[in-house]
Amino acid sequence: MKRVVTTQLPRPRTLIHPGRFNPVRIQSLHSSKGRHVRLALLPGVSLFDGLVKPLADIGITSASTTILGGYFEGVQYCVAPPDQQGRAVIAYSKPIPAGRTYMIFGNATLGKSINGSPLVHCHAAIRTETGEVKGGHILTETCIVSRDPIPVLVTSLDEFELRQAYDPETNIPLLQPYKETING
Amino acid sequence: MGEMIAVENGSMGRVAYARIAPNEDLVQGVEKLCLAEGFRNAFVRGALGSLVDACMGTIDGKYLQIQGPAVEIVSLAGEVRLGEDGSLRAALTGVVADPEGNVYGGPFVAGLNPICMTFEVTLEEWLPAK
Numbered sequence: 014m015k016r017v018v019t020t021q022l023p024r025p026r027t028l029i030h031p032g033r034f035n036p037v038r039i040q041s042l043h044s045s046k047g048r049h050v051r052l053a054l055l056p057g058v059s060l061f062d063g064l065v066k067p068l069a070d071i072g073i074t075s076a077s078t079t080i081l082g083g084y085f086e087g088v089q090y091c092v093a094p095p096d097q098q099g100r101a102v103i104a105y106s107k108p109i110p111a112g113r114t115y116m117i118f119g120n121a122t123l124g125k126s127i128n129g130s131p132l133v134h135c136h137a138a139i140r141t142e143t144g145e146v147k148g149g150h151i152l153t154e155t156c157i158v159s160r161d162p163i164p165v166l167v168t169s170l171d172e173f174e175l176r177q178a179y180d181p182e183t184n185i186p187l188l189q190p191y192k193e194t195i196n197g
Numbered sequence: 018m019g020e021m022i023a024v025e026n027g028s029m030g031r032v033a034y035a036r037i038a039p040n041e042d043l044v045q046g047v048e049k050l051c052l053a054e055g056f057r058n059a060f061v062r063g064a065l066g067s068l069v070d071a072c073m074g075t076i077d078g079k080y081l082q083i084q085g086p087a088v089e090i091v092s093l094a095g096e097v098r099l100g101e102d103g104s105l106r107a108a109l110t111g112v113v114a115d116p117e118g119n120v121y122g123g124p125f126v127a128g129l130n131p132i133c134m135t136f137e138v139t140l141e142e143w144l145p146a147k
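In the order they appear, the protein sequences are chains X and D. Each residue of the first sequence is one higher than the one before, starting from 14 at the first, in the working numbering. Each residue of the second sequence is one higher than the one before, starting from 18 at the first, in the working numbering.
Since the hints were made in silico from the structure, they are not lab data. Among these hints, one or two may not hold up.
[Claimed, not checked] Pairs of lysine-lysine, DSSO-like flavour, derived with a Cα cap of 30 Å: (1) 125(X) <-> 66(X); (2) 125(X) <-> 147(D); (3) 46(X) <-> 79(D); (4) 49(D) <-> 192(X); (5) 66(X) <-> 15(X); (6) 79(D) <-> 49(D); (7) 79(D) <-> 66(X); (8) 15(X) <-> 147(D).
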């Protein structure tokens, strides 16, 4: 069963993760006011660089962004099947090349990686070079903007920051919100 | 049932970001985020993550089930509204991708979309004019 339409209410499944259950289920922080930026991803740059550099220039290092559709010269994405090694519930697949691709809609979160460098976590729906519509985790360094700029709506996350940290429950590093410490 | 209003004036307020943990429900998790942050009405500004399995409603009242794990959330929009009965209700719509990257779309059914690894969501508070 991959996809089924049913009249019966399905029973949600509770999966067992490798690490200890964390009693805190929602980690949240807020900014007192939303700050928005309209960004254009410029032709020839990667999705990663097109987001990270212009936003860093205006002091934004944590943000939630919406990619409003556009063409890329090359896109690679991953899907998330069960982890055959058993280290986590799922593991990303090897990169799947999609070729020249239209990104229909994407969301990308900007934060900091474990080593403090910029990190972009992006999921998107895409139309691949073969015309198939697919979706998954986008490898943003591999996506090169085609000849037209791509608009992005940025919601800056001020007064706190997103940092990647090891999550013992799932046994993978994840973006989490922290009270802002040191800028840069 | 109250009178339907086509236009509601208001302004945007605070912005909240959350990481919601595995096995929590997507829709009710967003409602609980509003409880945690004191939001009464809000719009989703960005979201991504994964589900164990996905369940979406159909026009004839049935359920579209997509089997994971994981089913990736690749697009999500929606809002949270304060109801006349004083409860919070999130209405979320989106596109998901199964473990082979095939995509499906529709409204997420509350209580039937358990998070797989993580769910990242940004909400912007909506403050209706009095």
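How the hints compare with the structure:
1. Restraint check: the Cα-Cα separation between residue 125(X) and residue 66(X) comes to about 13 Å, which is no more than 30 Å; the hinted pair holds.
2. Simply put, residue 125(X) and residue 147(D) have alpha-carbon atoms about 40 Å apart, too far for the 30 Å limit, and the pair is violated.
3. At roughly 40 Å between alpha-carbon atoms, residue 46(X) and residue 79(D) are farther apart than 30 Å, so this suggested pair is violated.
4. At most 30 Å may separate the alpha-carbon atoms for a hinted pair to count; residue 49(D) and residue 192(X) meet this at roughly 21 Å.
5. Distance restraint check for residue 66(X) and residue 15(X): the Cα-Cα separation of roughly 40 Å exceeds the 30 Å cut-off, and the hinted pair is therefore not satisfied.
6. Proposed proximity of residue 79(D) and residue 49(D) is supported: the alpha carbons are some 26 Å apart, at most 30 Å.
7. Simply put, residue 79(D) and residue 66(X) have alpha-carbon atoms about 46 Å apart, too far for the 30 Å limit, and the pair is violated.
8. A hinted pair counts as satisfied when its Cα atoms are at most 30 Å apart, and residue 15(X) with residue 147(D) does not qualify at roughly 47 Å.
Consistency with the previously given hints fails for numbers 2, 3, 5, 7, 8, ordered from lowest to highest.
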